[in-house]
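**Q** Chains as they are written, first to last, in our numbering: chain A, 573 to 1192; chain B, 429 to 792.
If you are wondering where the hints come from, they were derived from the structure by calculation, not from laboratory data.
Since the model is a prediction, treat every value here as computed from it, not as a measurement.
Where is the CB? At the ideal position from N, CA and C, for every residue including glycine.
A few of these clues could be false.
Quick list of in silico lysine to aspartate or glutamate cross-link-like pairs, DMTMM-like style, CA-CA up to 25 Å [what the hints assert, rightly or not]:
(1) K778(A) - E656(A)
(2) K1006(A) - D991(A)
(3) K778(A) - D766(A)
(4) K563(B) - E788(A)
(5) K583(A) - D468(B)
(6) K921(A) - E973(A)
(7) K563(B) - D587(A)
(8) K942(A) - D1081(A)
(9) K921(A) - E788(A)
(10) K1006(A) - E973(A)
(11) K563(B) - E656(A)
(12) K1006(A) - D980(A)
(13) K1059(A) - D766(A)
(14) K1059(A) - E788(A)
(15) K583(A) - D564(B)
Label pairs and their computed distance ranges (CB to CB) [as the list claims (entries may be wrong)]:
(16) H584(A) - T665(B): 22 to 32 Å
(17) G678(A) - L753(B): 40 to 50 Å
(18) P555(B) - R594(A): 14 to 24 Å
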Amino acid sequence: MLARSAHQPLKHEADEQRLFARRARLGFAIMALCIVALAGRYSYLQLFRHADYTTRSESNRVHVQPVAPNRGLIYDRRGRLIAENRPAYRLEIIPEQVGDLEATFGALSDLVDLGPEDLDRWRRVRPRYRVFDRIPVKFNLGETEVARLAVSRHQLPGVVVTPYLARHYPHGALLTHVLGYVGRLDVADLERVDAANYRGTTHIGKIGIELQYETELHGTAGVERVETNARGRVLRVLERQDPIHGSDLVLSLDVAVQRAAWDTLGDRAGALVAIDPSDGSVVAMVSKPSYDGNAFVHGIGSQAYQQILAAADRPLFNRALNGGYEPGSTLKPFIGLAGLENGVIQRNKRIFSGGEFLLPGQERPFRDWKDGGHGWVDIRGALEQSVNTYFYQLALDLGIERIHAYLDQFGFGHATGIDLPGESRGLNPSPQWKQRRYGEPWYPGETVIAGIGQGFNVVTPLQLANALAALANGGARMAPRLLYARKPPGTERARRSEAPTAQQIAVRDPRNWSEIREGMRRVVSGPQGTARVIGLDARFEIAGKTGTAQVYALAEDEEYDEAEVAEHLRHHALFIAYAPAGDPRIAVAAVVDHGGAGARVAAPVARAVIDAWLAQELAQ
Amino acid sequence: MRWRLPVWLSLPRLDPVLLVTLLLVMALGLAALYSAGGQDAGLVQRQGVRLAVGLVALAVLSQVPAHVLRIWTPWLYLFGLALVAATWFVGVGRGASRWLDLGMVTFQPSEIMKLAVPMTVAWYLHPRILPPDWKDSAIAVAILAIPAALIARQPDLGTALLVAVSGCFTLFLAGIRWRMIVAAGIAMAGAAPVLWMFLADYQRARVMTFIDPEADPLGAGWNIIQSKIAVGSGGLTGKGWLHGTQSNLEFIPERHTDFILAVLAEEFGLLGVGLLLGLYLLLIGRGLYIASVARDTFSRLLAGSLAMTLFVYVLVNGGMVSGLLPVVGVPLPLVSYGGTSAVTLLAGFGILMSIYSHRKFIRR
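Just need the whole structure built from these sequences, with the hints factored in.
**A** Right under this line is the structure:
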């Protein structure tokens, strides 16, 4: 009866209703099944996959972000601040939130002074970061830049201005060769530090003290577990582990002494190192010319950098630490002591200086600096007047082996072990060395000139000062120390750093040492002293020794006339001194590049440093 | 077992089962909305006003006898079609011209078609002999296909789908023969590649994303992944009302509109989802029961179609939020924020109630 033909045009209500009911039941059954299936899907997600999705939900909202510690401050030994942290602003970009990076950079360059270098650097460091991290673009924004950004920032999503502490060196170029500087952390830096500890850090010590004591100055990063929304905005801090800030450091430098050397050097290139012989602490360390480390903190432009790099007088070069100078006559006190201690010369025995010295069987004479020589002199006189012929004979009698061995005890040819990275070792020559280096035997003539510090000898001002300190204090050679005290965060007082261990140089007869010291005293105070000019009005007795390092060798028949020689070919002037002569409190080595004779330009620099230091020391 | 409703609920011609179930769904929805909207009371208030407007529409329509509706049906259809066409010229909206700006409110004319299409198909089949023959079926298909195509071109795939499906259900309940259904199915399958070519890029992207959401986890796949994380981390009992981290921390996109079920699932857990699905099933079942006791073809077909269309909403939205179906703009009925669809739905339930309460007086 359900089968209907076209001849039955009437609607059949009951049939329709039955048909409808069947369809409705079928439909409802299918729908109920579907909804049960849907419920099954939710059960699967919410019961079976619950743990998995809970983990993902947690990691979704909780980010761990680093909290950078504050870098330790640095003081000089009198408590003057020499490296500080100043509040500054930096510009950062969060790549994830920036739609069009190029357009954003374009817009930013209208507001901020942005060079192509800034953008290049940004792209270089970018792989270090995650997309939701803030990547610094430019540091130390100017006030107007900050103001302009504040006005336009709402149009620049993903652009952030962040306050931070910027390193600043209030004394600028004066201390750069010691302090070094911090610079932008780059990929190479990350290989030498614990990268996790530096996640929130933007700057790292690049050279100098900042590099040497990086670990202590930096401190330990803290972490914050923060809850963020999907756009990375921090909503609240869930948990915070505070950073351990860097330790403050006190250096043994005295800025006033440093300044005295700096000012006295004037426009000349040169170096000065002053060491307290009692504990090896470095009181002053100057290298001129210098440069302002502050420029490097915020990323020096490549143009400015090229300029510094290309400068003829090499401001980046640390002469005190790396300058290799011929020691010249400043080596004589050490040679003299070697002679006395080895019994080659006696204290009161005089030798005649006739102006020339001839090796047996050779025709070329070695000259005194004074025509006609100095006459009869003992070791004291030989030092006072810097008699070359005395030391030619002495050196020849000692022989290069004994010279080498004795100088070795004073640290020549070795790194001093100062707490600064990258010092040079100089050269204390020996026949073995020459054979190795040149494949040639040692010649007696080379021993002769070694007696006056010429030939192969190379010293750094730091080595010279350190050897002098050992000579002044009776033979205790210490590794020079710049770190005077450290003040870890949370402590009240700075604690003295451990004293360097001293190596005692063998003393056969203390009178030999006194004899040398007397000779050096006469250099400044004696009537014939080569540096008597600086002794005239000194409040303290100074013991010293002048020296001249040859820059260019003269032919036999040539006369060295300073006035005629081009500046860059003039000799380097050297002067070493300690004071007071009877109770040494400071040992100084000064070098003035192309300064000519040591007494005239180098000695006054040393004198200024001694005055500045002793004035303060004795005032206490 | 007989029980009496409170007086204020015993309004004439209001079916208590439907009404109570609807109120429960809406209450659950407002609670979820309060949380999803960042505890914005204003948002809940605005939605409350819309639901109230919908309830007024429900109350009004429940008083209108079905035969009166039937008389007005073709006019409503033509009026709705005209408005949909008007959006082509004066429509507003982001990317798609779906809305008409009526000054005070913007209004989505395609919503009218959700009611008008099943009504018109029912109206057309009402005097015919059922099950419909090929000719009547073809005309019915045309009635539903024209507005669906217009809406799909707006483009608004979700609404077009709902409009088309509501018409199809009417046909299905009218007893259209299985071989026609099979034939239509084959025709659809054959047309699928052609349809694919007509889809906009973003629509294709949605389908591709559905197939492999992890391929672009920060782009198109983000919605689905975050939504699934919200649902899955909810567990059996949920994180508690207002304590859903996924929603409160803004990880779920469109969390107060199309993805509100994710918020609900995160905060109320599987129990909450189960309760909501149960309520929907109750609404569908009650609707079909009302349809089955209706006394004329128009009422029967219309009531059944309205009930079954609700199912499509639930299935598509629930499937989308749980990553079973591609992202299509279909709201969760009476829960998602947004006025027009709630008003339409409640109006539909008003028609259902009217059909139920007038069943005894309509005799043919």
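**Q** All hints are to be evaluated individually against the structure, with a verdict given for each.
**A** Hints and how they fare:
1. Among the hinted pairs, K778(A) with E656(A) is consistent with the structure: their alpha-carbon atoms are about 16 Å apart, no more than 25 Å.
2. Proposed proximity of K1006(A) and D991(A) is contradicted: the alpha carbons are some 30 Å apart, above 25 Å.
3. A hinted pair counts as satisfied when its Cα atoms are at most 25 Å apart, and K778(A) with D766(A) qualifies at roughly 16 Å.
4. Proposed proximity of K563(B) and E788(A) is contradicted: the alpha carbons are some 91 Å apart, above 25 Å.
5. Annotation: proposed proximity of K583(A) to D468(B) is violated, straight-line Cα distance about 56 Å (limit 25 Å).
6. Using a Cα cut-off of 25 Å, the hinted pair K921(A) and E973(A) holds, with the two alpha carbons roughly 23 Å apart.
7. Among the hinted pairs, K563(B) with D587(A) is consistent with the structure: their alpha-carbon atoms are about 21 Å apart, no more than 25 Å.
8. For the suggested pair K942(A) and D1081(A), the alpha carbons sit about 32 Å apart, so the restraint of at most 25 Å is broken.
9. For the given pair, K921(A) sits about 55 Å from E788(A) by alpha-carbon distance, which is inconsistent with the 25 Å threshold.
10. Between K1006(A) and E973(A), the direct Cα distance comes to roughly 12 Å. Compliance with the 25 Å bound is thereby established for this hinted pair.
11. Note on K563(B) and E656(A): the hinted pairing is violated, with a Cα-Cα distance of about 92 Å set against a maximum of 25 Å.
12. Note on K1006(A) and D980(A): the hinted pairing holds, with a Cα-Cα distance of about 16 Å set against a maximum of 25 Å.
13. Note on K1059(A) and D766(A): the hinted pairing holds, with a Cα-Cα distance of about 23 Å set against a maximum of 25 Å.
14. About 10 Å separates the Cα atoms of K1059(A) and E788(A), which keeps this hinted pair within 25 Å; it holds.
15. Note on K583(A) and D564(B): the hinted pairing holds, with a Cα-Cα distance of about 14 Å set against a maximum of 25 Å.
16. Separation of H584(A) from T665(B) is about 53 Å and departs from the stated range, judged on CB atoms against 22 to 32 Å.
17. One distance hint, 40 to 50 Å for the beta-carbon pair G678(A) and L753(B), holds here, with the actual separation near 43 Å.
18. Look at P555(B) against R594(A): about 22 Å separates their beta carbons, and that is inside 14 to 24 Å.
Taken one by one, the earlier hints fail for this structure at numbers 2, 4, 5, 8, 9, 11 and 16, listed in ascending order.
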